[in-house]
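Asks: As a plain string of letters, each chain reads:
6 protein chains.
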Amino acid sequence: MRQKQVVTFGEVMLRLSTPDYARIVQATQFDVTYGGGEANVAISLAQLGLPAAHVTRFPDNELGKAATNLLRKYGVDTQHILYGGDRLGIYFLETGASVRPSKVVYDRSDSAFAALEPDMIDWDEVFADAAWFHWTGITPAISAGAAACCQKAIEEANKKGITVSADINYRKNLWQYGKAVEEVMPELMAGCDLIVSGLGDAKDILGITPKEAAEEEAHISVFRQIMDRFPKIKKIVNTTRGSVSASHNTLSGMLWNGEQLLETQTYDITPIVDRIGGGDAFIAGLIYGQLQYQDDQRSLDFGVAASVLKHTIKEDANLATVEEVEAILGGNTSGRLVR
Amino acid sequence: MRQKQVVTFGEVMLRLSTPDYARIVQATQFDVTYGGGEANVAISLAQLGLPAAHVTRFPDNELGKAATNLLRKYGVDTQHILYGGDRLGIYFLETGASVRPSKVVYDRSDSAFAALEPDMIDWDEVFADAAWFHWTGITPAISAGAAACCQKAIEEANKKGITVSADINYRKNLWQYGKAVEEVMPELMAGCDLIVSGLGDAKDILGITPKEAAEEEAHISVFRQIMDRFPKIKKIVNTTRGSVSASHNTLSGMLWNGEQLLETQTYDITPIVDRIGGGDAFIAGLIYGQLQYQDDQRSLDFGVAASVLKHTIKEDANLATVEEVEAILGGNTSGRLVR
Amino acid sequence: MRQKQVVTFGEVMLRLSTPDYARIVQATQFDVTYGGGEANVAISLAQLGLPAAHVTRFPDNELGKAATNLLRKYGVDTQHILYGGDRLGIYFLETGASVRPSKVVYDRSDSAFAALEPDMIDWDEVFADAAWFHWTGITPAISAGAAACCQKAIEEANKKGITVSADINYRKNLWQYGKAVEEVMPELMAGCDLIVSGLGDAKDILGITPKEAAEEEAHISVFRQIMDRFPKIKKIVNTTRGSVSASHNTLSGMLWNGEQLLETQTYDITPIVDRIGGGDAFIAGLIYGQLQYQDDQRSLDFGVAASVLKHTIKEDANLATVEEVEAILGGNTSGRLVR
Amino acid sequence: MRQKQVVTFGEVMLRLSTPDYARIVQATQFDVTYGGGEANVAISLAQLGLPAAHVTRFPDNELGKAATNLLRKYGVDTQHILYGGDRLGIYFLETGASVRPSKVVYDRSDSAFAALEPDMIDWDEVFADAAWFHWTGITPAISAGAAACCQKAIEEANKKGITVSADINYRKNLWQYGKAVEEVMPELMAGCDLIVSGLGDAKDILGITPKEAAEEEAHISVFRQIMDRFPKIKKIVNTTRGSVSASHNTLSGMLWNGEQLLETQTYDITPIVDRIGGGDAFIAGLIYGQLQYQDDQRSLDFGVAASVLKHTIKEDANLATVEEVEAILGGNTSGRLVR
Amino acid sequence: MRQKQVVTFGEVMLRLSTPDYARIVQATQFDVTYGGGEANVAISLAQLGLPAAHVTRFPDNELGKAATNLLRKYGVDTQHILYGGDRLGIYFLETGASVRPSKVVYDRSDSAFAALEPDMIDWDEVFADAAWFHWTGITPAISAGAAACCQKAIEEANKKGITVSADINYRKNLWQYGKAVEEVMPELMAGCDLIVSGLGDAKDILGITPKEAAEEEAHISVFRQIMDRFPKIKKIVNTTRGSVSASHNTLSGMLWNGEQLLETQTYDITPIVDRIGGGDAFIAGLIYGQLQYQDDQRSLDFGVAASVLKHTIKEDANLATVEEVEAILGGNTSGRLVR
Amino acid sequence: MRQKQVVTFGEVMLRLSTPDYARIVQATQFDVTYGGGEANVAISLAQLGLPAAHVTRFPDNELGKAATNLLRKYGVDTQHILYGGDRLGIYFLETGASVRPSKVVYDRSDSAFAALEPDMIDWDEVFADAAWFHWTGITPAISAGAAACCQKAIEEANKKGITVSADINYRKNLWQYGKAVEEVMPELMAGCDLIVSGLGDAKDILGITPKEAAEEEAHISVFRQIMDRFPKIKKIVNTTRGSVSASHNTLSGMLWNGEQLLETQTYDITPIVDRIGGGDAFIAGLIYGQLQYQDDQRSLDFGVAASVLKHTIKEDANLATVEEVEAILGGNTSGRLVR
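Protein chains in written order, with the numbering used here: chain A, 312 to 650; chain H, 312 to 650; chain E, 312 to 650; chain S, 312 to 650; chain L, 312 to 650; chain C, 312 to 650.
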């Protein structure tokens with residue numbers, strides 16, 4: 312029997328990045344790709360072999376066509392994408408190295424996605440073949456319309472018994488449309504089964520602070536408070552990133568299932584080829600694990616290993632295969648030539 | 312004595328073009344430059360050796376900085392550029408060939424320039440050292456604020472006895488801010504000494520149509536009507552472009568000085584390297600001629616030859632020198648190797 | 312109601328071409344794409360808005376994955392593609408200019424496609440939603456297995472009442488597996504409704520020669536003989552290419568419907584950006600026309616105009632849209648900038 | 312007096328690698344070069360100033376010509392190269408980084424080299440001016456014909472008193488022509504004076520396993536058993552590679568001369584620019600040392616330092632000079648700018 | 312009130328560097344930029360927001376124009392640049408990695424700058440608006456004319472009370488015009504207020520050696536002797552570079568103000584993107600600090616942090632902003648993504 | 312029996328050209344190759360299958376090595392190349408299009424070649440295996456030493472009965488070392504058997520002017536006068552280039568053998584890919600023809616067809632094969648795809 316889909320929903324932007332560590336003022340060419348947190352999850356899942364569909368809205372022009380083509384290229388179902396509106400959001404990426412951080416300049420206002428209105432998407436049809444729905448905190452931060460679409464999607468998913476996950480991800484530069492994060496997010500989170508949340512997100516979005524100082528205890532304390540407030544949430548995951556430099560990070564993950572705090576080993580990633588989408592690769596890997604393994608530790612390990620691999624892959628989305636992630640899980644991080 | 316400046320005013324956009332005739336859906340890189348009709352005139356004049364200053368507004372970010380740097384690189388005085396606002400306008404260029412036309416996708420709404428307000432620019436200071444002011448019909452089409460700035464500039468220029476020129480250039484996709492072209496342009500044109508206008512522009516902007524059928528007579532008829540309506544205008548120029556294909560055009564020019572219709576030879580341009588900015592190169596060459604030669608025929612010839620050369624030069628602005636334009640004027644269009 | 316699919320069947324190769332007119336001995340980089348005559352037809356049809364599926368076989372490695380991705384990117388249904396076998400066929404393209412011809416070096420022996428066996432493809436399933444089936448004379452020339460698959464496809468299509476077209480295209484360097492073209496092709500052609508055939512193909516494959524000398528009469532004479540021999544064939548089309556140089560061709564088309572020889576205007580194409588796939592673009596345009604217009608002249612015109620546009624587009628497949636082809640048909644070959 | 316040549320014999324493939332750590336599915340260009348283990352040794356020796364000739368067989372097409380040109384460019388004598396056969400073997404290289412390994416996809420079946428037959432090469436003529444002959448275990452693994460040519464070369468070299476070296480290098484994916492490695496290699500090894508062998512090769516090819524556990528003792532034990540079985544072999548060398556990641560390796564070397572196990576320091580190599588050909592650079596350096604220094608420790612040190620430098624040089628072959636290798640040997644691994 | 316300028320004086324060369332760690336013998340393209348020690352200081356200061364002018368001489372050709380344009384692009388005042396002479400000096404840069412050092416091949420003889428004659432520059436006019444003058448030991452090493460110009464500049468600066476700094480930088484490959492370094496430099500140094508000098512420079516130029524062995528004491532001893540000999544010099548600065556490899560350096564700085572030896576932390580820089588201009592970035596940062604902060608420790612810290620950032624930026628000049636340098640000073644060397 | 316060599320003698324420069332029609336002031340990369348008139352002849356002959364050796368002098372650095380490698384790559388014997396001196400001459404090429412001419416900026420003073428001294432080259436050894444010696448008028452224009460070497464070469468060639476050819480090619484920007492062209496060239500020409508000379512060269516070098524006005528008669532008149540003055544010269548050849556634009560030339564050739572003026576057809580070349588080396592390709596083709604065909608008309612035709620092909624090939628040297636030139640001679644200039 313054909314496997315059911317994971318459906319993701321969110322904005323996709325044109326990404327223009329400077330080649331070879333050039334600064335934007337030096338650049339005479341930009342590398343071109345298209346990406347967005349939720350679409351990155353869909354692409355990653357498709358590379359892992361799961362059917363994935365992405366829902367978004369593109370302008371009806373060459374750029375909207377090119378963005379659709381990128382999703383299609385990597386096997387994502389694009390039949391529910393809407394066309395209309397004025398423009399495709401853009402982000403410019405100046406890739407850093409060593410002590411110089413990468414820098415992102417956003418130019419995403421007034422995008423086709425921001426102009427979404429609640430009735431544009433028929434979620435009943437979108438979810439016809441779905442097992443899982445994933446969204447992030449960026450979507451409700453973009454516009455009232457996007458937030459309302461997200462709300463309707465969660466409601467429909469809940470009605471259909473589809474698992475709902477969210478990376479609640481607070482971005483303070485967004486949320487410009489007149490609503491504060493705390494007015495919008497709690498209602499959306501209430502419909503989730505699994506979320507990605509760090510201590511900062513919990514504080515910024517929910518005002519929840521740890522009651523303990525030690526790192527593990529602090530996390531458990533916050534995760535318990537979140538679950539107390541949102542009883543549908545059964546699992547909370549997070550990654551911990553250590554930044555030695557723009558070229559060298561460490562990464563580990565944790566998962567709280569209400570009872571246990573599962574943790575992974577800490578990986579060293581150097582040099583980093585492309586740091587964008589590391590978190591999306593993690594949640595994609597974790598969703599893959601939840602659907603395929605029915606084992607929280609294994610799905611957490613899979614998510615973190617997938618994210619580590621993403622840092623070695625250019626562009627936004629993780630193109631690693633199950634076999635490659637499993638090689639990392641099997642302890643092979645030595646990068647020996649594969650013939 | 313140091314020569315006085317030509318001052319230009321208008322929006323500068325980030326230009327993203329596909330290399331090697333690629334379609335936008337095929338592109339994995341975009342070539343990056345910055346350009347705009349009026350700034351192209353300033354750059355061209357600076358290459359011809361005249362002092363030129365450009366007035367515009369850029370966002371205070373990496374892209375605004377890069378756009379400033381491009382103008383500075385080519386010797387344009389950038390001290391009057393303003394910084395602020397949300398974004399830099401963008402245009403995407405898909406370069407055509409043969410029967411396939413080049414295609415431009417604009418993404419210029421809500422630019423830093425569109426958000427200009429009349430009091431932001433101190434034209435008295437800007438014109439301290441100016442002999443000539445040039446604007447185009449694109450600026451008043453962008454926003455009420457841009458139109459108002461343009462109006463104030465023309466008034467100040469007139470007050471100071473500075474020559475005013477305009478490429479009245481009607482773009483029907485602009486003019487979205489609530490005013491129609493005929494409500495705004497006539498007042499601006501009234502302050503001009505020299506304009507670029509084709510038959511189409513005259514009809515679309517002023518409702519003026521030719522009273523004769525033959526080409527020369529039609530032009531003279533329209534030019535007379537314009538001058539009747541705007542007595543300050545003393546010269547009207549125009550180019551005639553023949554399109555054999557996207558790679559092969561012909562070009563000639565005409566100038567009506569109220570008495571005579573001066574005309575130039577017709578040049579063959581094949582292959583075209585970059586067609587964008589051909590009109591800006593023409594007006595720049597013409598302004599150069601008016602200031603240096605005091606001879607209408609020679610300045611018209613110079614403008615057309617400069618424009619022809621521009622078609623062989625990449626990016627928006629004409630980088631030809633006086634020596635190179637004069638070689639064309641001297642009849643050397645055979646492209647023999649210069650050692 | 313959703314439109315039915317056009318199904319195409321044939322080999323897809325890795326194409327490695329030298330950039331910027333470099334010779335192969337000069338090249339330090341090759342441009343990479345994937346293409347094949349029949350897949351080019353499917354991609355072209357998908358850009359024209361018709362549902363298209365391609366059937367082929369790829370090795371189960373990174374190159375097979377990349378080739379699949381290219382088809383998917385451009386909206387072709389890839390669900391019937393098979394994976395297995397040893398290698399992906401390759402062709403190297405050295406792009407010529409002026410008097411220097413482009414040169415193709417084939418390296419396609421022992422490909423995954425050549426190793427196809429008749430039972431590998433379930434044509435009943437493939438054709439579940441099909442209205443049209445297209446193949447070319449290259450497929451039966453590759454291997455006995457490929458020829459047998461083609462035979463089964465045609466039989467199944469005939470059984471289901473699906474229109475069958477073929478570009479009978481004789482390549483003398485192929486046909487290395489022990490059968491001569493005349494032993495194999497006639498049986499396959501017998502199941503066709505529409506074919507592309509030039510005088511050379513008719514002679515090489517069927518031994519049919521014109522009974523008249525003048526160009527039109529010669530064609531009619533040959534087309535009549537073909538139809539006499541293959542009564543199912545109702546239309547025969549062909550293009551006539553004039554080669555001024557590697558950079559400058561002329562192109563026109565003809566269609567014989569058993570009664571009339573319809574012809575098109577002759578187009579001038581200069582410069583040629585990429586000549587590969589010109590014939591595939593023609594047949595794709597013609598199929599589009601047959602399905603959408605029910606008008607032979609219009610579908611022939613559409614096919615030729617589509618082919619002309621293809622010569623201005625890089626890589627194997629025609630990425631022109633219906634709107635762009637219709638602009639050419641509407642007489643606009645002057646390549647004026649589209650804003 | 313002119314120095315005698317080192318002659319190498321083996322297949323050269325077209326190498327197609329993805330630029331900038333791109334995955335094969337992301338690549339729109341491949342970097343092009345030509346390489347093979349034995350040819351890499353010849354090129355490296357030519358850069359070190361020794362006369363070197365390479366014997367191989369190329370198809371008589373543009374690719375064979377380009378491969379010849381690469382060898383000639385770097386000063387290798389190509390007069391004994393044969394032309395004929397169907398194709399040039401190819402390998403695709405996806406360059407890894409950090410935890411993601413580099414990946415090689417081979418497409419080398421049915422190459423011009425694999426179709427070699429024993430009588431095609433006149434070894435008497437080839438060795439007219441030779442002092443040393445080098446081959447690797449890849450050659451006899453390709454085809455019976457290649458193995459037979461290798462056998463004849465070794466016999467002729469032995470007859471002429473030419474030193475014979477081999478990197479016995481077992482590749483389990485090769486050996487597809489019906490013979491097992493143990494049926495072929497021992498006879499070839501019997502004619503060698505010096506070999507490169509690791510513990511794995513000894514076990515896979517000869518079934519020899521160490522009689523001691525500790526690393527040095529294990530190697531000595533295996534090397535003694537090899538020399539007992541093949542009395543002509545007087546020296547066995549090997550490198551030990553530590554893989555921290557795909558971007559960071561360590562490297563040291565050892566040489567057993569029947570009496571002493573000589574060892575080198577361990578070098579840290581980070582970042583690795585191109586890991587391919589590291590082993591070939593080692594044996595080239597060692598041959599250089601054997602011919603120039605008559606000092607095993609120095610030649611071993613030279614080989615390892617040469618190999619370390621190779622990892623910082625793009626493409627297959629080591630382009631380091633004697634002066635550069637000696638700077639490393641002199642302790643200068645700090646990479647200070649050379650003005 | 313507008314801030315006064317920092318004026319720099321020195322040769323600017325065309326820099327041709329190999330992309331992607333290629334060796335010069337492998338390169339089919341060179342990356343093009345223009346740079347020189349003193350001009351790099353001017354560019355860096357302009358990015359930090361201080362007005363900076365550079366004085367040099369370029370040939371009156373396309374390359375001189377391009378070099379001027381680069382300075383202008385980054386906001387340097389180029390009005391005092393002279394045109395004439397035969398050629399632009401060139402340097403070729405082969406970028407190293409890991410144990411392979413970067414290599415510079417100079418081709419700078421007979422440049423337009425070397426042909427400078429003392430009367431060509433009107434220093435009174437150049438210094439009309441100057442607060443600081445900076446030169447390096449490279450200029451007097453190039454030619455007698457360049458040395459004489461430098462002498463006149465220092466005299467005029469001293470007369471006008473302009474602060475004079477120098478990086479005394481001894482390059483033994485220069486000084487080919489008949490004078491020894493010790494005949495020329497002392498007189499020039501006598502007019503300086505602040506110099507960059509390492510122990511090696513002090514020994515090579517002045518014959519001054521440390522009287523103490525320990526590192527700090529050795530420096531203090533040498534700095535005291537320099538100040539004893541040149542009483543106008545009030546501050547001596549220097550950086551200490553540790554070379555782990557061509558890709559990994561450490562950097563710290565010191566400043567002796569006659570009383571105290573101030574020191575900075577030691578930074579780790581890995582990977583290095585472009586090591587050229589690291590010293591110029593340091594002195595630019597230090598000058599910025601001296602002019603803006605009136606605090607030796609802060610200006611030293613600023614200089615070192617600026618230099619560290621430079622190593623992550625391509626081309627010769629430091630493009631870091633004050634905000635970016637201050638982020639490093641604030642302890643943020645972890646390269647976390649800036650959104 | 313092995314064929315005897317054609318020996319060429321002359322300077323080879325580093326060529327730095329702007330990609331994609333960029334102007335030098337726009338370029339951020341230069342394409343890199345190495346070329347010179349006489350070396351281009353040697354490379355071309357080697358591609359045509361004749362043994363060719365080039366004699367020159369390179370600096371003993373990375374650039375000299377790279378230049379040698381280029382010659383070796385294309386099969387030229389480089390054993391007589393000398394190493395020493397200061398620098399490699401450079402020329403910068405800005406590629407024009409349409410009415411904009413290509414522009415060359417030379418930077419060749421004080422090259423290793425210019426510093427040649429007469430005794431450096433042992434012509435007896437160089438000519439050991441030679442049948443033909445070719446030089447050009449550029450060599451004696453570079454320096455007294457280069458002229459003297461040329462003189463000695465011609466004497467030795469004459470002594471050994473080797474055919475001597477020269478492209479007498481007057482470049483007025485050279486000849487800076489104190490001798491006038493008329494003081495040097497006649498003596499060198501006296502030793503030639505075949506020369507390339509146009510009417511301009513004859514006038515500038517020898518003061519010979521035509522005694523007739525019509526084109527053919529004018530040439531015959533001048534050629535007769537040359538032969539009267541230099542009785543050893545038996546054949547004079549020339550090409551006539553028509554410049555429609557920088558992208559479109561016409562080309563034909565003539566040969567005077569003392570009796571007959573042979574002429575070729577006129578070819579149209581559009582677009583021109585690389586015009587540099589067109590004349591060198593002509594003389595190489597002509598030498599090939601003289602050596603292989605013993606037929607003046609055929610060798611002239613071959614030379615012109617070879618030159619026409621060169622215009623479609625990038626870089627300085629003609630890489631066309633005999634088969635390709637003969638296809639043009641056979642009338643195939645239509646550039647039809649070769650499969």
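What the hints contain is simulated information worked out from the structure, not anything from laboratory work.
Mixed in with the good hints there might be a few duds.
Restricting the straight-line Cα-Cα distance to at most 30 Å, the calculated cross-link-like pairs of lysine-lysine (DSSO-like) are [to be verified]:
hint : chain 1 : residue 1 : chain 2 : residue 2
1    : C       : 384       : L       : 414
2    : E       : 376       : A       : 625
3    : H       : 625       : C       : 414
4    : E       : 414       : E       : 470
5    : A       : 376       : H       : 414
6    : A       : 625       : H       : 376
7    : E       : 414       : S       : 315
8    : L       : 376       : C       : 514
9    : S       : 414       : A       : 625
10   : E       : 384       : S       : 384
11   : A       : 483       : H       : 376
12   : C       : 483       : S       : 625
13   : L       : 471       : L       : 545
Small disclaimer: the values here were computed from a predicted structure and weren't measured.
Asks: Please go over all the hints and tell whether each is borne out by the structure.
Replies: Tested hints:
no.	hint	in the structure
1	384/C to 414/L	holds, 24 Å
2	376/E to 625/A	holds, 18 Å
3	625/H to 414/C	holds, 16 Å
4	414/E to 470/E	violated, 41 Å
5	376/A to 414/H	holds, 15 Å
6	625/A to 376/H	holds, 27 Å
7	414/E to 315/S	violated, 41 Å
8	376/L to 514/C	violated, 36 Å
9	414/S to 625/A	holds, 16 Å
10	384/E to 384/S	violated, 40 Å
11	483/A to 376/H	holds, 25 Å
12	483/C to 625/S	violated, 43 Å
13	471/L to 545/L	holds, 18 Å
Going through the hint list in order, the structure does not satisfy hints 4, 7, 8, 10 and 12.
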